[in-house]
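What follows is each chain in one-letter form.
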Amino acid sequence: MQYTVISLQGLSTENCQLKTEKMELKEKLIASFMAFENLVDIDLPVHDVRSEAIKEFETQGFPSKRDEAWKYTSLNSILKHDYSVFPKRDNHIDYNDIKKYFIHDIDTYKIVFIDGKYSSHLSETTHDGIDVCLMSSALTKTKYRLIIENYFNKIATKDSLTSLNTAFSQEGAYIHIPKNKLVAKPIQIVHFSTGNEAALLVQPRNLIVVDENSHVQIIERHQSLTQNPVLTNSVTEIFANKRAIVDYYKIQNDNENASLIDSTFVNQKQESFASVHTFSFGGKLTRNNLNFYQNGERIDSTMKGITIIGNKQHVDHNTLVHHIEPNCESHQDYKGIYADSSTGVFNGKVLVDKDAQKTNAFQANNNILLSDKASINTKPQLEIFADDVKCSHGCTIGQLDESAMFYMQSRGIPEKEAKALLMFAFSNNVMNSVKIPEIKQRITKIIANKLGVNIGFDL
Amino acid sequence: MTKYTEDDLREELKTKEYEYGFYTDIESDTFPIGLNEDVVRAISLKKEEPEWMTDWRLEAFRAWEEMIEPEWANVNYVKPDFQSISYYSAPNTKPKYDSLDEVDPELLETFKKLGISLDEQKALAGVAMDVVIDSVSVATTFKKTLNEKGIIFCSMSEAIKEHPELVRKHIGTVVPQKDNFYAALNSAVFSDGSFCYIPKGVRCPMELSTYFRINQANTGQFERTLVIADEGSYVSYLEGCTAPSRDENQLHAAVVELIAMDDAEIKYSTVQNWFPGNSEGKGGVFNFVTKRGLCEKNAKISWTQVETGSAITWKYPSCILKGDNSVGEFYSIAVTNNYQQADTGTKMIHLGKNTKSTIISKGISAGKSQNSYRGLVQISARAENARNFSQCDSLLMGNDCGAHTFPYIEVKNKSSIIEHEATTSKIGEDQIFYCNQRGIDTEKAIALIVNGFSKEVLNKLPMEFAVEAQKLLEISLEGSVG
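The listed protein sequences correspond, in order, to chains U and W. So the first sequence is numbered by our numbering: it starts at 19 and just counts up by one. So the second sequence is numbered by our numbering: it starts at 4 and just counts up by one.
Derived from the structure by calculation, the hints contain no laboratory data. Heads up, a few of these hints could be off.
[As the list claims (entries may be wrong)] Listed below are the simulated DSS-like cross-link pairs for lysine-lysine, each with C-alpha atoms no more than 30 Å apart in a straight line:
1. W:K359 - U:K437
2. U:K408 - W:K447
3. U:K89 - W:K82
4. W:K429 - U:K408
5. U:K89 - W:K359
6. W:K300 - U:K391
7. U:K376 - W:K82
8. U:K89 - W:K325
9. U:K391 - W:K325
10. U:K44 - U:K128
11. U:K376 - W:K300
12. U:K391 - W:K359
13. W:K359 - U:K376
14. W:K356 - U:K391
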């Protein structure tokens, strides 16, 4: 109501310029869809889903700052590249060059993609009791048809970028854990881009179905190996059925020409437990859409994140927890440390339906600004339609405590280390709920690296 | 007494009718419905305004024509048809009165029903009243006392005639004509309002208050208030509203501008009780208000509001903390019942160094109502050491209502400290149990809890108003507040 006209005008001119740029990529993508149809089997039922999705994308186009959900994140800078949509060749990378990007000190299943294409020599998949394999085979083979029919694109929303992904959905990870299975090893999903294309757009599509009483841990990472721009528009659908336990870790430490738009949808059935930890340390622009739908009673959902960025990086966390049934809990805890000219966005929403009595929802977002050029926009929202609930959110923005700094410095801890210690402590809440010790160590190392300190303790 | 439960309370809330719904039959001078440039000119002519004012209105009108009605608020309603509203209505019985005896007895009766008789107010002597019936001021009291101090407190139309230099200099500086859809509409067609100027270094000796009432059927009320506190001055301004029961939705689009110059302090309190519509959600006032204050160096603006009425409330009293060390405060209680919808909150724009702001917002929803808090805290890059604390609590009564929080926090300065917290809960069974156990019956317990819940804000109201605010809470949530 009170936005000045001037700012609105400013916006609209920006929008006009932006439109011409966007039109190009948008048109290119729509044209590519026809080429894409030649590559895939269009007689499969899944192709109807794709055709519908491309229409949806065509009507909506790319989101602009006018959309409330994208108010603080502009895609202008990343949409201007001339992305290749289909990488031409199969690219090969030597394991030793990329070993460091894996959690390699424990035994894991691996699903590895290079420039969007599956790399069988780097991967370690299985069909032994559980299915850890590829989306492309799941979409085509009849033995997976039932699962695809029941789960594929069932909870992904119809917003423009998700629709774009759905339209081109072909490759990604397919994980199905049947009843009563405890998956012994974590599963790593890693995407590499080699930089053989001048600019690359990849759209991985993952489907994870965890049946009753089963337990799985998944680690996801996107890594660009050169400075060529890469845009990843990834969509993951996770189904946690009755009493299932799903632990999902996203490690985002890409180089500064790589951008990531990640949309993850989690559908939970009764008494299930799902957690998603997002560690955002890199990338040019990172947008995490994380949506949880609680379709059952006594569900626990956890979404946590640590963001430590600098330079001109931008990280946007957009979360939604939809409490549909009674007696459920949700915990959100996002910590952010912003240096240089970086910008951070947190847009969290807790929606409690009328029937979702006895809901316990908690949302926290704490931020530290280290530079005057850094900025943070946060919008923690509560929408509550039930009366017998406990919902709270808290949000703070501040600095490192000067007296604590003084305390440590007066005891001989150098400034840099003292700062690092405080930042570790600041993000400790999030680290505490990480269940794989090797990930904790890895994250600690990445943080220490980023801060330029050598602290070797466990958190 | 039989056991009083929350269910009983809910039942009572449902059936509670608007007590102050009545209609005073005063002959009115009303314009035909519709809005165009001629109507804007006619309003200006009617009020014998100078040319610059007419032009200013026309400029606003032309801007308004280009604008579209905003839709982003979390409310649902049938949009008013701006061409089916009459834009001017003034009580016919002129001229103005010097004493109460001369005032239309029917009017006095109206105030008696409202429980705010002028006599009583006069006796209390602390309050000067600028009574607004519909759009034109018909009585002003205590003017003399204020005159002695050099304080100007009069209706807007009077101010335009008698202090054009002040009005011309300041009007539209805080809320520009083109600020938003409703502010533009108001700028074009505002009928009257209050004007207040406190000279340098003067501490206003009494609480200034204006009572607004929508009276004439089908007349949108477009109030324009301008309060200027010159350097080092202090003023406490009170505004209260009640409106009679009407079946058609009435539109209220007011603009309030506050200017606090260096070292000045303005305290602006509102008790709002426009007709909220009946228990089926029929009728009720649309309240689309733009309120904003500008703080210069070391200045302070404090907004306190108690919102119990209106079918739709859409209101964000804001502070622009332009000067260094300036302070903005916002204390609010919003109660919604039946089918009421409120989307209210504040904006704190920190521009100067060492600026501070506090936001305390309490929402109580009952019946089938929806209550939203929407706030913005913005820290600009040069607002060093800015400090904000926000707290938004919601209390839900019954399972058909909703409480929503939409805080926007935008920070561009590393030395600022921002805290925001929000909670949503209902009256806990354990709280009631605790009280029952100690011999407090359930009704009293609920009263106690609701009172305690809103205490922080009620405490901020001036004495004279706190009593009335309590009364209004009682009407809105009768049975729960003792």
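So, going through the hints one by one against the coordinates:
1. This hinted pair checks out: K359 of chain W and K437 of chain U have alpha carbons roughly 27 Å apart, not beyond 30 Å.
2. Note on K408 of chain U and K447 of chain W: the hinted pairing holds, with a Cα-Cα distance of about 24 Å set against a maximum of 30 Å.
3. At most 30 Å may separate the alpha-carbon atoms for a hinted pair to count; K89 of chain U and K82 of chain W meet this at roughly 26 Å.
4. For a cut-off of 30 Å, the pair hint linking K429 of chain W to K408 of chain U stands: about 8 Å separates their Cα positions.
5. The straight-line distance between the Cα atoms of K89 of chain U and K359 of chain W is roughly 26 Å, inside the 30 Å bound, and the hint therefore holds.
6. Restraint check for K300 of chain W and K391 of chain U: the C-alpha separation of about 25 Å stays at or below 30 Å, so the hint holds.
7. Our distance criterion of 30 Å between C-alpha atoms is broken by K376 of chain U and K82 of chain W, whose separation comes to about 36 Å.
8. Of the supplied pair hints, the one linking K89 of chain U and K325 of chain W holds, its CA atoms being roughly 25 Å apart against a limit of 30 Å.
9. Distance check on the hinted pair: K391 of chain U and K325 of chain W sit about 20 Å apart at the alpha-carbon level, within 30 Å; holds.
10. The straight-line distance between the Cα atoms of K44 of chain U and K128 of chain U is roughly 33 Å, outside the 30 Å bound, and the hint therefore fails.
11. Of the pairs offered as hints, the one joining K376 of chain U and K300 of chain W is violated, with about 48 Å between alpha carbons and a cut-off of 30 Å exceeded.
12. As the CA atoms of K391 of chain U and K359 of chain W are separated by approximately 21 Å, the hinted pair is consistent with the 30 Å bound.
13. Between K359 of chain W and K376 of chain U the CA atoms are separated by roughly 37 Å; this puts the pair beyond 30 Å, and the hint is violated.
14. As the CA atoms of K356 of chain W and K391 of chain U are separated by approximately 16 Å, the hinted pair is consistent with the 30 Å bound.
Hint check: violations occur at hints 7, 10, 11, 13; the rest are consistent with the structure.
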